[in-house]
Amino acid sequence: MQETAQATQTVELRPPVTSVGVIGWIKSNLFNGIFNSILTIATLYMLWKIIPPLFQWAFIDSVWHTTGKACRGIDGACWSIIYTNFRFIIFGFFPYEQQWRPLLAMFLLFGLFFYSRDRNHWKKPLGYAWIVGLFTMGLLMKGGLFGLTSVESTQWGGLPLTLLLSVFGLTAAYPLGVILALGRQSKMRGVKWLCVLYIELIRGVPLISLLFMSAIIFPLFLPEGITINKILRAQVAIILFTASYIAEVVRGGLQGMSRGQYEAAESMGLNYYQTMRLVILPQALKIVIPPTVSILISAFKDTSLVVIIALWDLMKTSQSVLSNPEWMGFSREAYIFIAIFYFLGCFSMSNYSRKLEKELSAGD
Amino acid sequence: MENLLPGSVPFWLDPKKRAIMFQIVVFVMVGLLAYYLVSNTLINLKKQSIATGFSFFHKESSFEIGESLISYSAASSYGRALVVGALNTLKVSFIGIIITLILGATIGIARLSSNWLVSKLASIYIEVMQDIPILLQLFFWYAIFYETLPSPRQALCPISGLFLCNRGVAFTVPEAHPAHKYMLLALFVGCVVVYLVRRWAKKRQEKTGKFFPVFRFGIAIVIGLPLITWLAFDAPIKMDVPKFIGFNFKGGMTLSPEFIAILLGLILYTAAFVAEVVRAGIQSVSKGQREAAMSIGLRPAPILNLVILPQALRVIIPPLTSQMLNLTKNSSLAVAIGYPDFVSVANTTINQTGQSIEGVALIMALYLIFSLSTSAFMNWYNKRVALVER
Numbered sequence: 001m002q003e004t005a006q007a008t009q010t011v012e013l014r015p016p017v018t019s020v021g022v023i024g025w026i027k028s029n030l031f032n033g034i035f036n037s038i039l040t041i042a043t044l045y046m047l048w049k050i051i052p053p054l055f056q057w058a059f060i061d062s063v064w065h066t067t068g069k070a071c072r073g074i075d076g077a078c079w080s081i082i083y084t085n086f087r088f089i090i091f092g093f094f095p096y097e098q099q100w101r102p103l104l105a106m107f108l109l110f111g112l113f114f115y116s117r118d119r120n121h122w123k124k125p126l127g128y129a130w131i132v133g134l135f136t137m138g139l140l141m142k143g144g145l146f147g148l149t150s151v152e153s154t155q156w157g158g159l160p161l162t163l164l165l166s167v168f169g170l171t172a173a174y175p176l177g178v179i180l181a182l183g184r185q186s187k188m189r190g191v192k193w194l195c196v197l198y199i200e201l202i203r204g205v206p207l208i209s210l211l212f213m214s215a216i217i218f219p220l221f222l223p224e225g226i227t228i229n230k231i232l233r234a235q236v237a238i239i240l241f242t243a244s245y246i247a248e249v250v251r252g253g254l255q256g257m258s259r260g261q262y263e264a265a266e267s268m269g270l271n272y273y274q275t276m277r278l279v280i281l282p283q284a285l286k287i288v289i290p291p292t293v294s295i296l297i298s299a300f301k302d303t304s305l306v307v308i309i310a311l312w313d314l315m316k317t318s319q320s321v322l323s324n325p326e327w328m329g330f331s332r333e334a335y336i337f338i339a340i341f342y343f344l345g346c347f348s349m350s351n352y353s354r355k356l357e358k359e360l361s362a363g364d
Numbered sequence: 365m366e367n368l369l370p371g372s373v374p375f376w377l378d379p380k381k382r383a384i385m386f387q388i389v390v391f392v393m394v395g396l397l398a399y400y401l402v403s404n405t406l407i408n409l410k411k412q413s414i415a416t417g418f419s420f421f422h423k424e425s426s427f428e429i430g431e432s433l434i435s436y437s438a439a440s441s442y443g444r445a446l447v448v449g450a451l452n453t454l455k456v457s458f459i460g461i462i463i464t465l466i467l468g469a470t471i472g473i474a475r476l477s478s479n480w481l482v483s484k485l486a487s488i489y490i491e492v493m494q495d496i497p498i499l500l501q502l503f504f505w506y507a508i509f510y511e512t513l514p515s516p517r518q519a520l521c522p523i524s525g526l527f528l529c530n531r532g533v534a535f536t537v538p539e540a541h542p543a544h545k546y547m548l549l550a551l552f553v554g555c556v557v558v559y560l561v562r563r564w565a566k567k568r569q570e571k572t573g574k575f576f577p578v579f580r581f582g583i584a585i586v587i588g589l590p591l592i593t594w595l596a597f598d599a600p601i602k603m604d605v606p607k608f609i610g611f612n613f614k615g616g617m618t619l620s621p622e623f624i625a626i627l628l629g630l631i632l633y634t635a636a637f638v639a640e641v642v643r644a645g646i647q648s649v650s651k652g653q654r655e656a657a658m659s660i661g662l663r664p665a666p667i668l669n670l671v672i673l674p675q676a677l678r679v680i681i682p683p684l685t686s687q688m689l690n691l692t693k694n695s696s697l698a699v700a701i702g703y704p705d706f707v708s709v710a711n712t713t714i715n716q717t718g719q720s721i722e723g724v725a726l727i728m729a730l731y732l733i734f735s736l737s738t739s740a741f742m743n744w745y746n747k748r749v750a751l752v753e754r
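Sequence lines, in order, name chains U and A.
Under the working numbering, the residues of the first sequence are numbered 1 to 364, in order.
Under the working numbering, the residues of the second sequence are numbered 365 to 754, in order.
Chain A on its own, in the form it takes in the complex (with noise of 0.2 Å):
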């Protein structure tokens, strides 16, 4: 009797008390380990004299970096170069995600298409892309980029105006002119007006059950603006050529063969993945719902619209963002093939200062932005989706 009185309990059988020696004794192992690897590191760093910390930020990096989306030379600091580096995988991340969509979102409509051979194709696409690791991949397409391709004296020219070589492709663009600067504005106001009318023109059918073709204006809004401040600048239409001079093409825009063969890898590789989300999403959608919108009299674009995509979007997109994730992590290994994204810039610096601390530091602080910043969009499209959801 008196073991059930309160406080006659021993501690070690509360549950309450228990819980927390147990989290005491581990909080107190895991500080012990941190405390003995920190003193270990700092003794080996006096012992090394490696001044930890970030002032090699300002010091001069005295390394070329072979492409770059603002101005860099080796006599720019070490700061600037992991900047160069940053916008690298930035730049390498978000093509590679653009085409990776489309790509995987036809692959995995083409799985699950009637037509037998095609989804047979797309089928062995997915399972021999999923099997072989992104890296022989990548070292793969390097590889044939740089054997397989003649020198820039004897470039392929498939077509007139781009050039393939292996030192890459280099392509005609048109030449620089302010009227393009205008036109990328236009693009932007013309986005943003479609967006607008979008949101109002949902709302007007929601209320009283006209429809606007959003589509339709869209596409004319989006091509048209930009199409009429051409126009107003009358018309440049002067081309840029690449032309071979001395040893390498000279003008018109430049693809180096890293960049190529990472893009190329990891569009390859995740769009694989994409198909399978995909596929997965729109196979989750009942097959009653179709049924139920057709017999309801709705046509095939706005059963697609209205019923089918807004619930197979639900299931695809939570799985689609951490595949666009492991894309941009996957950029990573840029650094096997000699692409100048920001490990392969951190791993320089680090050769060449010593701070390993600090630049593997700075690798595992970028992607963990990029990956917070994804699962923190995450959890607010899923509140929204939830939202919905009755």
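If we strip away everything but chain U, and leave its shape as in the complex, we get (with noise of 0.2 Å):
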């Protein structure tokens, strides 16, 4: 009987080898048509050509505990260089008993930046926590209270000045943005051509014109014996430079509501900031969460021309670093370190806000 079963049973031929599993895949994947084989062989040579060095320079040739001097002549890469100044690197002039302050802050800056990710945490209390957050770093940073000993502003550096520039420039700016935008959008001719000439004007011209004024010109805006410190007016040469963008952002967002949502909170007898507040804002801000998040991105990256007017963010402390004999001529390490920083913070960003752009589309 098993085997009269058997033998009605049909027979399911199995698709050729060559068009399934890894041998398929790389049929149609990479030698589909003449072209692309060519394409592919091209590529795979060049590849070879470009990471078996590169791998050998970075890891097999290199050394990563050594003095400068043991650097020279070696084939590989020197992270010595890292290795010797990474505190410094990361904590700039910070006294160095004291580290644990900056560092502290920016613990307590990724724990909160962790807890954001999850949109269910997106209610008042987490306001509130960022709140107390931001000021428990600012305390950190600053010291002075609690026992803790005062650190001026000009010993601030490296990793947590990055830091501190991108995250109190954002939340500044983002609020300066939103009202700009509804300036733009408002019926008010005076108030709208206003914020049109500050937005335009300011997306107009570099950062770096920005950066310039609030280091050479802005000491002169201000009555004899008042003093801001540098960091603070490069803070506020990026609020206003982020917050024109922002601005542009949010425009679009509340281009993007139909005339009935005004037209319904108007006949329930809402007023303007009602209607802002309760109907307009959190659809509006809501849909353009993406493109806002690389707004933050970008402003994350424009921290680093600061640099140039020598405040002493991360790039100008392993610039000081390399300028002392001993480390000169290691810029590549010392430059592909700092980007493995910029490049993690910048890929979290735009991944977070991918995931976030399928959640919401999702939702609709």
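Any given hint could turn out to be false.
What the hints assert, rightly or not - Using 25 Å as the maximum straight-line C-alpha spacing, the simulated PhoX-like pairs for lysine-lysine come out as follows:
1. A:Lys423 / A:Lys410
2. U:Lys358 / A:Lys484
3. U:Lys358 / U:Lys123
4. U:Lys124 / U:Lys355
5. U:Lys123 / U:Lys355
6. A:Lys411 / A:Lys423
7. U:Lys286 / U:Lys124
8. U:Lys355 / A:Lys484
9. A:Lys484 / U:Lys49
10. A:Lys545 / A:Lys455
11. A:Lys747 / U:Lys192
12. A:Lys651 / U:Lys358
13. A:Lys455 / A:Lys614
14. U:Lys301 / U:Lys355
15. U:Lys355 / U:Lys286
16. U:Lys187 / A:Lys380
17. U:Lys230 / A:Lys411
18. A:Lys545 / A:Lys602
19. U:Lys27 / A:Lys484
20. U:Lys286 / U:Lys301
21. A:Lys455 / A:Lys693
22. A:Lys693 / U:Lys230
23. U:Lys301 / A:Lys693
24. A:Lys614 / A:Lys545
25. A:Lys651 / A:Lys484
26. A:Lys614 / A:Lys602
27. U:Lys358 / U:Lys124
28. A:Lys747 / A:Lys566
29. A:Lys380 / U:Lys192
30. U:Lys286 / U:Lys187
31. A:Lys381 / U:Lys187
32. U:Lys286 / U:Lys358
33. A:Lys567 / A:Lys747
34. U:Lys286 / U:Lys192
35. U:Lys27 / A:Lys651
36. A:Lys410 / U:Lys230
37. A:Lys381 / U:Lys192
38. U:Lys142 / U:Lys230
39. U:Lys27 / U:Lys49
40. U:Lys230 / U:Lys301
Just so you know, the hints here were simulated from the structure itself, not pulled from any lab data.
With the hints as a guide, bring both chains together as one complex.
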């Protein structure tokens, strides 16, 4: 019985070996057609020429825990420059024994970021947590209270400074940008043109000209005797710059709102502020989250420009290590190290934005 | 009931009057702030005895500029120095934009390739380049040039006539000859002719359906005309080969490490953004368009030229122009590696004369001119494209 049952079963032919599995995949993705085959081979050849020597340089021939002198004359990378100067590159001139403070501040920041990833956590307490968190970070950096020794902002540097400029810059620029966007959409002609003028003016010039302005001209604006420290001035320039870009993104969201939303709010008797706060902005700001994140990414990258007005950010601390005769000539290693930092920051943000975009579009 | 009568509403409840009040308040506040800042500035300037105005333009600059498109020396005026800087900005932006467009379009198309390896590599390139600050990239390329390449004496010579060293790149160019001027003119005439022929061919095709091979004709004219001019001048072939004399290369054409670093940085960074723009543009044309074009019997080349590109370009051009503008604005970072662009020259001028307000105002004005003319072009283009739409 068993034998006959087997015989009556239809014989399922497996697909040919060349169209499934690894071979099939290779055939359809790498060698479909003459042109693609040539392209694949050329690319593989190029990779073979580049990757192994690079790997050799970075990992096999490289040294990790030596002095600068020992690095001379070797073929590989001298990662010792990072190993030896790690704490200076990361923390700059922050007093050595106090460096746990910026470290703790950064951990706090990353913790807050990590917690804010989940959209279910986006409630009022999170806002309060951020406010408390930012204050604590400021306190940790500045000191002077609760037995912490005071550290002048001229001694701030490295990664904490980069993060400080971008995080505080964005938290201040965002509300300003929203106000500017509302102003640009306003029916009041005068206010509208003022906002248009501001936005177009700032967007038309490079950030570096604003930074120059903050470094050279801003002191002239103030009455004698009043000085504002350099970091704060650069921070103001970054805020003013980022706000105009955020304004344009938010305007896109406001224009995307249908007229019906405004009319419905009006017919319910809401005034302008209620309409904006309760109806329009919650929706408009939600649809522009992805472009807002890309503004965030470029603002993070743009903080690197403060090196030009001689603030001690991550780039400047590594350049000062590089100007030390012992470590002169190892720029590649130092710059690659900083590039990894920026890459990790931007990549995680853009990844998150993509994830969020998917979630938001799935909800609609 | 009285409340509904016109004129009886208190003015703070009348939206029109309230708006006017609000605007007056805003303007007064902005005006007061401006007055405060300006008066402080004037007092401070007086104290530091800095004269305002642009009279420093005519003074002798007494600083050297490494590279210049027009004749310049330390004896020239500040005004001329700033013109040199502006021309250098234009030079690096113009060359950068052309190469970026080609590289960016190539990477964008590679990103959409059916070849898995090529597409993955393109997307890795885009992600990595977009995520590293342009300034860091500039420093990196500059350092590579400075630290990795040998001194001019031991310059690398990968192909004969091309020399790489830490002082820059020297390469062979044809020796100066009057024919070159006319060849350039012939090239320009060729471009104009091709443009006119293209317009004529398009009109004729729309009217009669007859096809004219514009592309082949165009290539022939653009290459042919200069070639004929060259032959008419008895085909000068003498080359100007760079030679190592004294401490550096003489003759040929030399590009400074600063110029190459800023050009390379701008191109590699912006190309990643251009690639994304191109990819999004091509993907915005729905698949049905291509299939419809195929089903009426068009061949691949006309499908691309007549169906896909006109629609994709409408999506691509606006973000592309803003990327080009970004490249121009980012060229201001040249100041960080010492390429004498406008910002760098203006910065030196500020340091020497103390005319900081004028200097920064000039920088802003130059870039505003760039961006305003770009947005004027964009408005013109959008109008033109809108007319084509039905």
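Status of each hint after checking the structure:
| no. | hint | result |
| --- | --- | --- |
| 1 | A:Lys423 / A:Lys410 | holds (21 Å) |
| 2 | U:Lys358 / A:Lys484 | holds (21 Å) |
| 3 | U:Lys358 / U:Lys123 | holds (21 Å) |
| 4 | U:Lys124 / U:Lys355 | holds (23 Å) |
| 5 | U:Lys123 / U:Lys355 | holds (19 Å) |
| 6 | A:Lys411 / A:Lys423 | holds (23 Å) |
| 7 | U:Lys286 / U:Lys124 | holds (16 Å) |
| 8 | U:Lys355 / A:Lys484 | holds (20 Å) |
| 9 | A:Lys484 / U:Lys49 | holds (18 Å) |
| 10 | A:Lys545 / A:Lys455 | holds (19 Å) |
| 11 | A:Lys747 / U:Lys192 | holds (24 Å) |
| 12 | A:Lys651 / U:Lys358 | holds (22 Å) |
| 13 | A:Lys455 / A:Lys614 | holds (22 Å) |
| 14 | U:Lys301 / U:Lys355 | holds (21 Å) |
| 15 | U:Lys355 / U:Lys286 | holds (14 Å) |
| 16 | U:Lys187 / A:Lys380 | holds (10 Å) |
| 17 | U:Lys230 / A:Lys411 | holds (22 Å) |
| 18 | A:Lys545 / A:Lys602 | holds (16 Å) |
| 19 | U:Lys27 / A:Lys484 | holds (16 Å) |
| 20 | U:Lys286 / U:Lys301 | holds (24 Å) |
| 21 | A:Lys455 / A:Lys693 | holds (13 Å) |
| 22 | A:Lys693 / U:Lys230 | holds (24 Å) |
| 23 | U:Lys301 / A:Lys693 | holds (15 Å) |
| 24 | A:Lys614 / A:Lys545 | holds (23 Å) |
| 25 | A:Lys651 / A:Lys484 | holds (22 Å) |
| 26 | A:Lys614 / A:Lys602 | holds (16 Å) |
| 27 | U:Lys358 / U:Lys124 | holds (24 Å) |
| 28 | A:Lys747 / A:Lys566 | holds (20 Å) |
| 29 | A:Lys380 / U:Lys192 | holds (15 Å) |
| 30 | U:Lys286 / U:Lys187 | holds (23 Å) |
| 31 | A:Lys381 / U:Lys187 | holds (13 Å) |
| 32 | U:Lys286 / U:Lys358 | holds (13 Å) |
| 33 | A:Lys567 / A:Lys747 | holds (21 Å) |
| 34 | U:Lys286 / U:Lys192 | holds (23 Å) |
| 35 | U:Lys27 / A:Lys651 | holds (24 Å) |
| 36 | A:Lys410 / U:Lys230 | holds (23 Å) |
| 37 | A:Lys381 / U:Lys192 | holds (17 Å) |
| 38 | U:Lys142 / U:Lys230 | holds (15 Å) |
| 39 | U:Lys27 / U:Lys49 | holds (24 Å) |
| 40 | U:Lys230 / U:Lys301 | holds (19 Å) |
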